[in-house]
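Enquirer: Read off the chains here:
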Amino acid sequence: MKALFHIDENERWPRVLLNIENFLRDVGPGGADIEVVANGAGVLAYRGEQGELTARMAELARGGVVFAACRNALNMNGIADDALPAFVTVVPAGITEIVKKQEAGYAYIKP
Amino acid sequence: MKALFHIDENERWPRVLLNIENFLRDVGPGGADIEVVANGAGVLAYRGEQGELTARMAELARGGVVFAACRNALNMNGIADDALPAFVTVVPAGITEIVKKQEAGYAYIKP
Amino acid sequence: MKALFHIDENERWPRVLLNIENFLRDVGPGGADIEVVANGAGVLAYRGEQGELTARMAELARGGVVFAACRNALNMNGIADDALPAFVTVVPAGITEIVKKQEAGYAYIKP
Numbered sequence: 001m002k003a004l005f006h007i008d009e010n011e012r013w014p015r016v017l018l019n020i021e022n023f024l025r026d027v028g029p030g031g032a033d034i035e036v037v038a039n040g041a042g043v044l045a046y047r048g049e050q051g052e053l054t055a056r057m058a059e060l061a062r063g064g065v066v067f068a069a070c071r072n073a074l075n076m077n078g079i080a081d082d083a084l085p086a087f088v089t090v091v092p093a094g095i096t097e098i099v100k101k102q103e104a105g106y107a108y109i110k111p
Numbered sequence: 001m002k003a004l005f006h007i008d009e010n011e012r013w014p015r016v017l018l019n020i021e022n023f024l025r026d027v028g029p030g031g032a033d034i035e036v037v038a039n040g041a042g043v044l045a046y047r048g049e050q051g052e053l054t055a056r057m058a059e060l061a062r063g064g065v066v067f068a069a070c071r072n073a074l075n076m077n078g079i080a081d082d083a084l085p086a087f088v089t090v091v092p093a094g095i096t097e098i099v100k101k102q103e104a105g106y107a108y109i110k111p
Numbered sequence: 001m002k003a004l005f006h007i008d009e010n011e012r013w014p015r016v017l018l019n020i021e022n023f024l025r026d027v028g029p030g031g032a033d034i035e036v037v038a039n040g041a042g043v044l045a046y047r048g049e050q051g052e053l054t055a056r057m058a059e060l061a062r063g064g065v066v067f068a069a070c071r072n073a074l075n076m077n078g079i080a081d082d083a084l085p086a087f088v089t090v091v092p093a094g095i096t097e098i099v100k101k102q103e104a105g106y107a108y109i110k111p
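Just so you know, the sequences run in chain order A, B and C.
Residue numbering for the first sequence is 1 to 111, as defined by this note's numbering.
Residue numbering for the second sequence is 1 to 111, as defined by this note's numbering.
Residue numbering for the third sequence is 1 to 111, as defined by this note's numbering.
Keep in mind that a hint or two might mislead.
Since the list gives no way to pick out one identical chain from another, each pair is judged satisfied if it fits inside one copy or across any two copies.
DMTMM-like mimics (lysine to aspartate or glutamate), calculated; alpha carbons at most 20 Å apart, straight line [claimed, not checked]: (1) 2 - 21; (2) 100 - 35; (3) 100 - 81; (4) 2 - 82; (5) 100 - 26; (6) 2 - 33; (7) 2 - 26; (8) 100 - 21; (9) 100 - 49; (10) 100 - 33; (11) 2 - 49; (12) 2 - 103; (13) 2 - 59; (14) 2 - 81; (15) 100 - 82.
Because the hints were derived from the structure by calculation, they are not lab data.
For reference, chain A alone in the conformation it holds in the complex:
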């Protein structure tokens, strides 16, 4: 299974992470290719280390979950690349990434 999670509101991160954790518990480790694309205010959670939230992302990233950030959103929010956690991948435009992934067979989910 392949799943793309879209987040553009920072306060929805706990919901997104819980969705992914429950999903992986259901399908088992490695049971799905998962990518999270954050654009708009969704990138704010990538600004440095944010305790429990960042720790849960890092744990999921170790299990293979991809965390992407939209370059435009990082610029608009004044977040420099060296402020990003090591597991974050920057993509030129979040929407392009979302469209490409759906074309590659990923299901779209907007928690």
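Here the structure of chain A is known, so what remains is to put chains B and C in place on it, guided by the hints.
Expert: Only chains B and C this time, still in chain A's reference frame:
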């Protein structure tokens, strides 16, 4: 046509039901396979009978609309199976169900 | 690439338009077929001329972006056809349009 409606905020139920009612009026009875997947706080509307909202769901269910509830969300919200309206189907994980349906050709809609 | 943007909350228009502008900047003019489907309260931005917002829509429409409005939502909000900007297309039911476009290979995005 096949359509999957995702709801994870309880206050959006009127919008979801109106969307489905208008959709069915447009395509005609039996014109589409429709499933609603509720996870997160979206399952709160399944807690027993809730008057007009439950009545509209029941009416749609009689017309073939599937109403699914995420097991994790039911547990988190302390909703026992015997509190669910008879037309509700429980799925082990809402996200898995959403991904599977999209893989089966269902369009995704998040009202 | 083909992308369908769904909007049913009027206050999200700035976000939707910025998403599309950044997307087109990334893929280049004509690099994607783009349609916006507004239903529910999302059609309120189509009520006559609304300054900068309408100007940005018109500019995108000149570049080929399709702006659709759900007939049911227009009726519910008392918006007559002659109040709509010239670039708006009316569809009988927003959800039907969204499902059809996904069946035609459009990626779904809900900003």
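Enquirer: Work down the list of hints and note, for each, if the structure agrees.
Expert: The hints, checked one at a time:
For the identical chains of this complex, residue 2 and residue 21 are intra-copy neighbours only, at 15 Å inside a copy versus 27 Å across copies, given an alpha-carbon limit of 20 Å. With identical chains, the CA atoms of residue 100 and residue 35 are at most 20 Å apart both within one copy (12 Å) and between copies (16 Å). For the identical chains of this complex, residue 100 and residue 81 are neighbours neither inside a copy (23 Å) nor across copies (35 Å), given an alpha-carbon limit of 20 Å. Taking the shortest Cα distances, residue 2 and residue 82 never come within 20 Å of each other, neither inside one copy (29 Å) nor across copies (33 Å).
With identical chains, the CA atoms of residue 100 and residue 26 are at most 20 Å apart between copies only, with a shortest distance of 13 Å across copies and 26 Å within one. For the identical chains of this complex, residue 2 and residue 33 are intra-copy neighbours only, at 5 Å inside a copy versus 22 Å across copies, given an alpha-carbon limit of 20 Å. In this assembly of identical chains, residue 2 and residue 26 lie within 20 Å of each other by CA distance solely inside one copy; the values are 14 Å within and 24 Å between copies. For a Cα distance limit of 20 Å, the shortest separation of residue 100 from residue 21 across copies, 17 Å, qualifies, whereas the shortest one inside one copy, 24 Å, does not.
Taking the shortest Cα distances, residue 100 and residue 49 never come within 20 Å of each other, neither inside one copy (29 Å) nor across copies (34 Å). Within a single copy, residue 100 and residue 33 get their C-alpha atoms as close as 14 Å, and across copies as close as 13 Å, so both meet the 20 Å cut-off. Proximity of residue 2 to residue 49 under the C-alpha cut-off of 20 Å is found in neither arrangement, the shortest distances being 28 Å within a copy and 36 Å between copies. Taking identical chains as interchangeable, the C-alpha atoms of residue 2 and residue 103 lie at most 20 Å apart whether they share a chain (11 Å) or sit on different chains (9 Å).
Taking the shortest Cα distances, residue 2 and residue 59 sit within 20 Å of each other inside one copy (19 Å), while across copies they are farther apart (34 Å). For the identical chains of this complex, residue 2 and residue 81 are neighbours neither inside a copy (27 Å) nor across copies (30 Å), given an alpha-carbon limit of 20 Å. Taking the shortest alpha-carbon separations for residue 100 and residue 82, neither the intra-copy value of 26 Å nor the inter-copy value of 37 Å comes in at or below 20 Å.
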